[in-house]
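Guided by the hints, dock chain S onto chain W, whose structure is given.
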Amino acid sequence: MGLIQREIEARGVPTVSVTVAKDSTAAIKAPRAVFVPWPMGHHFGAPFHFEVQRRVLFAMLELLQNATQSGEIRDLPIKWADVRREARILTEQGRRL
Amino acid sequence: MTAAGSLPGPDPREAGTQLRPGLWHTINSRYPGSMITKPDFVPLVALRKPLSECRVTFVSSCGVHLKNDAPMEVAHPFGDFTFRRVPSTAKHGDLIIHQLKYPHDDADLDINVIFPIERLQELAAEAVIGALTPEFFSFIGYNMDPERFEAIVARDIAAAVVEEQRADVALLAPA
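Line order of the protein sequences matches chains W and S. In terms of our numbering, the first sequence opens at residue 30 and continues consecutively. In terms of our numbering, the second sequence opens at residue 1043 and continues consecutively.
A hint or two may mislead.
[Stated by the list, open to error] Straight-line alpha carbon distances no greater than 27 Å define the calculated BS3-like cross-link-like pairs of lysine-lysine that follow: (1) Lys108(W) - Lys58(W); (2) Lys51(W) - Lys1080(S); (3) Lys1080(S) - Lys58(W); (4) Lys1080(S) - Lys1143(S); (5) Lys58(W) - Lys1091(S); (6) Lys108(W) - Lys1143(S); (7) Lys1143(S) - Lys58(W); (8) Lys1143(S) - Lys51(W).
Think of the hints as simulated: they come from the structure by calculation, not from any bench.
In isolation and in its complexed conformation, chain W is listed as follows (with noise of 0.2 Å):
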């Protein structure tokens, strides 16, 4: 992923990707990246929670608009454990549906 960030922001469009992995997106040097602390798979939070989906895609907006320095990583420090709570009940909801 961090080499079609990277090929993107080298051909003049800005880029930003969000991360559950620091060390590998740190080790390409993606341009610009937020992480979340939760597992592969879910990089957007959990299902049919819409307001921590919109969260990091606001998060991710905001690095496009103020990062200084290529290559910076900024923590979105949601904790897994608090998405995982709340989508619960949502993702029974959901199911019904």
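For chain S alone, coordinates are given in the frame of chain W:
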């Protein structure tokens, strides 16, 4: 059994740190040569206009595609060096993921967990962002030849994002 006095650090789910520390080394020892380190930073490109006027694209390695599109090759030992185009108007019910390398059971319930296409449609409708590019891009992250990947997939997607879709901004997410 671990003695009570020598338990490992706090549960990462509670501490807010990387859930699986050392992922780069874990993957690289399992698939030697698949992980990448770059020596240099790419100079940052500044936004040229307000976000509310920007055309936004999305690129994902989650392998999602339209249900009537060809599935990704998920069993090939070297990976699949093609990508799929996803119309930015697609909904959860139009899309499917065939991939074995990460858990997508939650994404099967709500695709926005890994490919937030419906949230982006809302942000465009709310004029937080100007518009979405007609197409988004998807491929599978598992590939065992980063040089070939960079030469083919990365350049083709980047060219499509910049020259064909005319994106002002690109958001990207691995899986």
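Structure-based check of each hint:
Among the hinted pairs, Lys108(W) with Lys58(W) is consistent with the structure: their alpha-carbon atoms are about 25 Å apart, no more than 27 Å. The straight-line distance between the Cα atoms of Lys51(W) and Lys1080(S) is roughly 14 Å, inside the 27 Å bound, and the hint therefore holds. Proximity of Lys1080(S) to Lys58(W) is assessed by CA-CA distance (about 6 Å); at most 27 Å being required, the pair is judged to hold. At most 27 Å may separate the alpha-carbon atoms for a hinted pair to count; Lys1080(S) and Lys1143(S) meet this at roughly 24 Å.
A threshold of 27 Å between alpha carbons decides the hint, and for Lys58(W) with Lys1091(S) the separation of about 25 Å falls inside it, so the pair holds. For the hint pairing Lys108(W) with Lys1143(S), the CA-to-CA distance comes to about 24 Å; that is within 27 Å, so the pair holds. With a CA separation close to 23 Å, the supplied pair Lys1143(S) and Lys58(W) stays within the 27 Å bound. For the suggested pair Lys1143(S) and Lys51(W), the alpha carbons sit about 19 Å apart, so the restraint of at most 27 Å is met.
The structure meets every hint from the earlier list without exception.
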